[in-house]
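Visitor: Chains as they are written, first to last, in this note's numbering: chain A, 1 to 304; chain B, 1001 to 1304.
In short, the hints are calculated from the structure, not lab data.
Keep in mind that the hints are not guaranteed to be accurate.
[Unchecked claim] Using 27 Å as the maximum straight-line C-alpha spacing, the simulated DSSO-like pairs for lysine-lysine come out as follows:
1) A:Lys245 / B:Lys1105
2) A:Lys105 / B:Lys1142
3) A:Lys155 / A:Lys266
4) A:Lys300 / B:Lys1048
5) B:Lys1105 / A:Lys105
6) A:Lys142 / B:Lys1105
7) B:Lys1142 / A:Lys48
[To be verified] Beyond 10 Å from chain B on every Cβ pair, some chain A residues (computed):
8) Met1
9) Thr17
10) Phe18
11) Asn21
12) Gln28
13) Val51
14) Gly71
15) Gln103
16) Thr123
17) Lys127
18) Pro204
19) Val221
[Unchecked claim] Covered by chain A, according to a simulated footprint, are these stretches of chain B (three or more residues, beta-carbon under 8 Å):
20) 1005-1016
21) 1039-1051
22) 1074-1084
23) 1215-1229
24) 1247-1256
All C-beta atoms, glycine included, are put in the ideal place defined by N, C-alpha and C.
2 protein chains.
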Amino acid sequence: MADFEVTILGSSSATPTFTRNPSAQVLQILGRYFLIDCGEGTQIQMRKNRVKFQKINQIFISHLHGDHYLGLMGFIQTLHLLGRTTPLEIFSPSPLKEILEIQLKHSETTLRYPLIFNEIDTTSHLKIWEDNCVEVYSIPLKHRLPCSGFLFKEKEKLLSVRKDMLAEYKIPIASIQAIKEGSDFTTSFGQVIPNYKLVHPKTPLKSYAYCSDTIFDPTIVPLISEVNLLYHESTFINEHSTRAKETFHSTAEQAATIAKMANVKKLLLGHFSARYGNLDIFIQEALPHFQNVETVEEGKTYLI
Amino acid sequence: MADFEVTILGSSSATPTFTRNPSAQVLQILGRYFLIDCGEGTQIQMRKNRVKFQKINQIFISHLHGDHYLGLMGFIQTLHLLGRTTPLEIFSPSPLKEILEIQLKHSETTLRYPLIFNEIDTTSHLKIWEDNCVEVYSIPLKHRLPCSGFLFKEKEKLLSVRKDMLAEYKIPIASIQAIKEGSDFTTSFGQVIPNYKLVHPKTPLKSYAYCSDTIFDPTIVPLISEVNLLYHESTFINEHSTRAKETFHSTAEQAATIAKMANVKKLLLGHFSARYGNLDIFIQEALPHFQNVETVEEGKTYLI
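Please model the entire structure based on the sequences and the hints provided.
Guide: This is how it looks when you write it as structure tokens:
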């Protein structure tokens, strides 16, 4: 298992097809599991892809079109039936709370675990969750309903001290924490050893941005600048660009343009309209604008 | 296509498994298509089994545990996206209306077709729908939530007149309707030809009863007496009969006992707890009580 990877559970827009399911992804960062959107059938897709249900502690729902959340109630109930006691946090536009509560009420279900609901302000770019290693930000998107993308970033880590240098300069244990935090070290002879000589080079911090659903909107570019992997919806191809605009969706070309403007390292296209069978044309239309691009495959895990 | 057949889309209780989906069935009677329960993933199962979505005009929901209705909102939205204009009737315990309306409101969806909601009185055995060929009755079931089974019956048909007799007795067109309705015919010579000589023998009227979810409850026996096919839940086997009682479910033996008491022609067992892999034991425990029994297979169509 890599330190940072995303598994695609669904890649269809609006309605499932013979081969594609509605939006859902599981992101794993340093052993933390995040569920991003939860279309109908997500728990079935999770079983097929051997995702461990109880490892998920945070769920991020972008907006309240059914293809992004209709699998959530079933997943919540299954976690309950499986005996979960660990709290589950949900981040979503606010009406989802009412939708979940009314269903729990009418099924007379009292969950065995705390369900913690966190309302997202879909108009702001804010830090919405963090622990000691990972932070998550909202990305305001422009769609027909209030909608938020999500930016997942590794946090700055302590430096890793070189063992050979510990021996060479006889560094006492009491000094190690300061070196990890970036300090130089002064030996008992008064020699100052610069920090960079004592530690391994920093590994770059990784990041993943999820942008679905949205019309072509360059105002998100500074928020997703330089991310390692960008998932951007591309519901349509150029032939249907008018339909994309009307329905507040993007084309493959527009997603590639955003990827180029933000100078991201890699682009994944997804959220395909059910009208398209073969997806090659999405790549053909994206490639002139951005080279490192793929159409997502359900069941595939992408390393970041 | 037979005149009366049921296709099983889901056979799991509570939560989907690797191989089983939550409750849903499509019943076809003389070209009418009825959806019975609609667990998560029903529309995906319908696609796999080539069920034509728009042919369904009535949906019957037994109760409001998620495994019996969580696929309904997605199906309703897909019908809308596919351009449906024909009314869709839903029969269910009343809170479902509120659950659907709140989700339509928050997704800002105005359906292109009329959604007609009919509340079921889960305490009474009542005719809840009919047309010229079929009638549907509620079956009060005893479960943890208000719950109704459904009885589908062919209506008495007009008799089918023998063409050879029309010629033999020179029967005028004006007299045919009366013969179809059971009258004798008097020839121009005053000879009375009894009706039974003029018509084909009656074909017996067929019926199907769906009983899920319910504790063992012999009070339903007179309501499902002599049906051609009974689907009865058997969530558990005898080893877990205490659990069955606690959760208001039935065992295979109890389902078979109901089938025997009601003198039905055939019994289908379904709604299996996720704890069971191989289902042979359900048959073993049912057989001593009722011979013509099967465990349902998803994707299989049973002729009635």
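Visitor: For every hint, state whether the structure bears it out.
Guide: Against the structure, the hints:
A distance of roughly 23 Å separates the Cα atoms of Lys245 (chain A) and Lys1105 (chain B); the hinted pair therefore holds under the 27 Å criterion. The straight-line distance between the Cα atoms of Lys105 (chain A) and Lys1142 (chain B) is roughly 19 Å, inside the 27 Å bound, and the hint therefore holds. Taking the CA atoms of Lys155 (chain A) and Lys266 (chain A), the gap is about 20 Å. The hint holds against a cut of 27 Å. A distance of roughly 22 Å separates the Cα atoms of Lys300 (chain A) and Lys1048 (chain B); the hinted pair therefore holds under the 27 Å criterion.
Among the hinted pairs, Lys1105 (chain B) with Lys105 (chain A) is consistent with the structure: their alpha-carbon atoms are about 19 Å apart, no more than 27 Å. A threshold of 27 Å between alpha carbons decides the hint, and for Lys142 (chain A) with Lys1105 (chain B) the separation of about 19 Å falls inside it, so the pair holds. With a C-alpha separation of about 34 Å, the suggested pairing of Lys1142 (chain B) with Lys48 (chain A) is violated against the 27 Å cut-off. For Met1 (chain A), the non-interface assignment is confirmed: its Cβ lies about 22 Å from the closest Cβ of chain B, beyond the 10 Å cut-off.
Listed as outside the interface, Thr17 (chain A) is inconsistent with that label: its C-beta sits roughly 7 Å from the nearest C-beta of chain B, within the 10 Å cut-off. Non-interface call for Phe18 (chain A) relative to chain B: violated, since the shortest CB-CB distance, roughly 6 Å, does not exceed 10 Å. For Asn21 (chain A), the non-interface assignment is contradicted: its Cβ lies about 7 Å from the closest Cβ of chain B, within the 10 Å cut-off. Distance check for Gln28 (chain A) against chain B: the nearest CB is about 22 Å away, which clears 10 Å, and the non-interface claim stands.
For Val51 (chain A), the requirement that its beta carbon stay farther than 10 Å from each beta carbon of chain B is met, with the minimum near 13 Å. With a minimum CB-CB distance of about 7 Å to chain B, Gly71 (chain A) fails to clear the 10 Å threshold, and the non-interface call is violated. At roughly 6 Å, the least C-beta separation between Gln103 (chain A) and chain B is not larger than 10 Å, which violates its mark as non-interface. Thr123 (chain A), annotated as away from the interface, keeps every beta carbon of chain B farther than 10 Å; the closest lies near 17 Å.
The beta carbon of Lys127 (chain A) sits about 26 Å from the closest Cβ of chain B, which is more than 10 Å, so the claim that it is off the interface holds. For Pro204 (chain A), the condition that its CB be more than 10 Å from all CB atoms of chain B holds, with the nearest at approximately 39 Å. Listed as outside the interface, Val221 (chain A) is consistent with that label: its C-beta sits roughly 28 Å from the nearest C-beta of chain B, beyond the 10 Å cut-off. Only residues whose C-beta sits within less than 8 Å of a C-beta in chain A count toward coverage, and the segment 1005-1016 of chain B has 3 of them, enough to reach three; the restraint holds.
With 6 residues having a Cβ less than 8 Å from any Cβ of chain A, the segment 1039-1051 of chain B passes the three-residue criterion, so the hint holds. Evaluation of the coverage hint for the segment 1074-1084 of chain B: fulfilled, as 5 residues show C-beta separations to chain A shorter than 8 Å, against a requirement of three. Figure legend: the segment 1215-1229 of chain B, annotated as covered by chain A; annotation inconsistent (0 residues with Cβ-Cβ distances under 8 Å, at least 3 required). For the segment 1247-1256 of chain B, the stated coverage by chain A is not satisfied: 0 residues place a CB nearer than 8 Å to a CB of that chain, which falls below the threshold of 3.
Hint compliance for this structure: hints 7, 9, 10, 11, 14, 15, 23 and 24 are broken, all remaining hints hold.
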